[in-house]
Amino acid sequence: MIKSRRTFNLFTISEARNVIFGLATLWIGLFHSDYLSLERYTNNQFLIDLVKNFRGSGNIGVDMFLFLSGVGLFFSFSKDSRVGSFWKKRLMRVLPSAFLIAVVYFSLRYVHGRESGLLAYFSRITFTYFFIKGERVFWFISLILALYIVFPIFYKIIEKFRLWGMLGTIAAIVGLTFLCRAVAPGFYTMWEIALCRVPSFVIGIWAGKFIKEKKEININWLWAFFALFVIFMTLVLNYTPIIKSFVPGYTKEQEPMYIFFYRYCGSIAAMALVVLLSWICTSIRHAGRGNVLRNFFEFVGMYSMEYYMIYLNLNHYLERIYKIPSGHPEAQIMLYFGSFIASLVLCALTRKFCDFFMEYMQRKPKNYEELRAARKKKKAKDTVEG
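If you count by this note's numbering, then the sequence shown holds residues 1 to 386, one letter each, in order.
In case anyone wonders, no lab produced these hints; they're calculated from the structure. Treat the hints with caution; some may be incorrect.
[What the hints assert, rightly or not] With a straight-line cut-off of 25 Å between C-alpha atoms, the simulated DSS-like cross-links for lysine-lysine are: (1) Lys79 <-> Lys209; (2) Lys209 <-> Lys156; (3) Lys88 <-> Lys212; (4) Lys352 <-> Lys88; (5) Lys89 <-> Lys252; (6) Lys209 <-> Lys160; (7) Lys252 <-> Lys52.
Computed from a prediction, not measured in an experiment: that's the story for all the values here.
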């Protein structure tokens with residue numbers, strides 16, 4: 001929503017939310033497609049590096065997703081602040097599809113002998129294994145479920161103390177992260193991929209108020225967001241040489257202990273990119289262009305969680321089955337697009353099945369009570385007539 005050429009309405013971020021969800025989801029998928037490279041198609045080093053850097057920074061799509069999730073949860077909770085109702089609504093939105101996909105995936109691994117032990121199996125399908133052992137299969141689902149649980153606390157603090165509440169919450173989270181790094185480096189190594197992403201979610205909650213109130217800012221602020229994106233994305237792309245300049249004798253094995261720098265820079269770049277993309281999406285829409293592409297990204301955004309869970313594992317599963325050699329890039333591209341199309345179909349079918357099942361389960365008790373009441377009424381009538 002752009003009121004004039006000199007102002008930018010923050011509600012635009014909400015309007016473009018599903019489109020950006022779709023872009024972020026596809027970017028994350030591209031990040032995990034290690035075999036995609038231009039090196040086999042061109043000798044142009046600039047293009048090779050450009051694609052490599054774009055694909056390699058795709059994990060900041062996670063921070064984009066978390067920021068927008070914080071915004072969306074603010075909208076939802078500000079309408080109905082009953083904690084029990086909020087938890088039920090959010091968990092029922094995520095758990096059915098996530099649980100079904102996890103059961104299928106880990107059951108296949110269990111049957112093929114890649115998993116052992118029922119306790120580990122149940123920990124995995126309930127998304128607690130990440131917190132126990134640090135296994136990163138579906139780690140994002142473990143994180144988002146945990147954030148749903150603590151969200152009402154974050155909301156109350158930020159709603160009461162506003163900016164200082166947000167800053168204090170982030171300071172506490174960052175402090176706990178570094179305390180864990182110093183005192184329990186083993187747990188830090190397991191959890192850093194999640195801990196370092198929480199500030200993006202908290203900032204999303206804080207920004208949600210301004211977005212919901214449709215606050216307008218001067219259009220020139222977009223240049224500031226652009227500068228933030230360029231600066232922090234540059235730091236992300238040059239993470240290794242920067243760390244090596246500050247840490248003498250730095251080795252790859254030390255990376256988990258210093259990767260917080262990469263994560264936090266990526267978070268800032270991601271949030272700035274969300275603002276820029278929302279402005280671009282709205283500008284294109286007002287120009288009457290890009291409807292097909294926008295609808296496609298919105299479709300992917302609607303099934304972002306299911307796509308994330310299915311694509312990453314289907315892609316890796318097919319890679320192991322077909323074992324395409326590096327000398328056949330065309331076959332690797334075909335595998336990528338095959339996984340992409342199959343994942344879109346499967347995630348839509350998964351959501352439809354889970355929605356149908358949940359609707360049926362919610363309707364069944366009501367029908368049962370109506371049937372029971374009808375039987376009691378008939379029995380009472382027969383008794384009177386008898």
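Verification of the supplied hints:
no. : hint              : result
1   : Lys79 <-> Lys209  : holds, 12 Å
2   : Lys209 <-> Lys156 : holds, 13 Å
3   : Lys88 <-> Lys212  : holds, 23 Å
4   : Lys352 <-> Lys88  : holds, 19 Å
5   : Lys89 <-> Lys252  : violated, 43 Å
6   : Lys209 <-> Lys160 : holds, 12 Å
7   : Lys252 <-> Lys52  : holds, 19 Å
Checked against the numbered hints above, the structure violates only hint 5.
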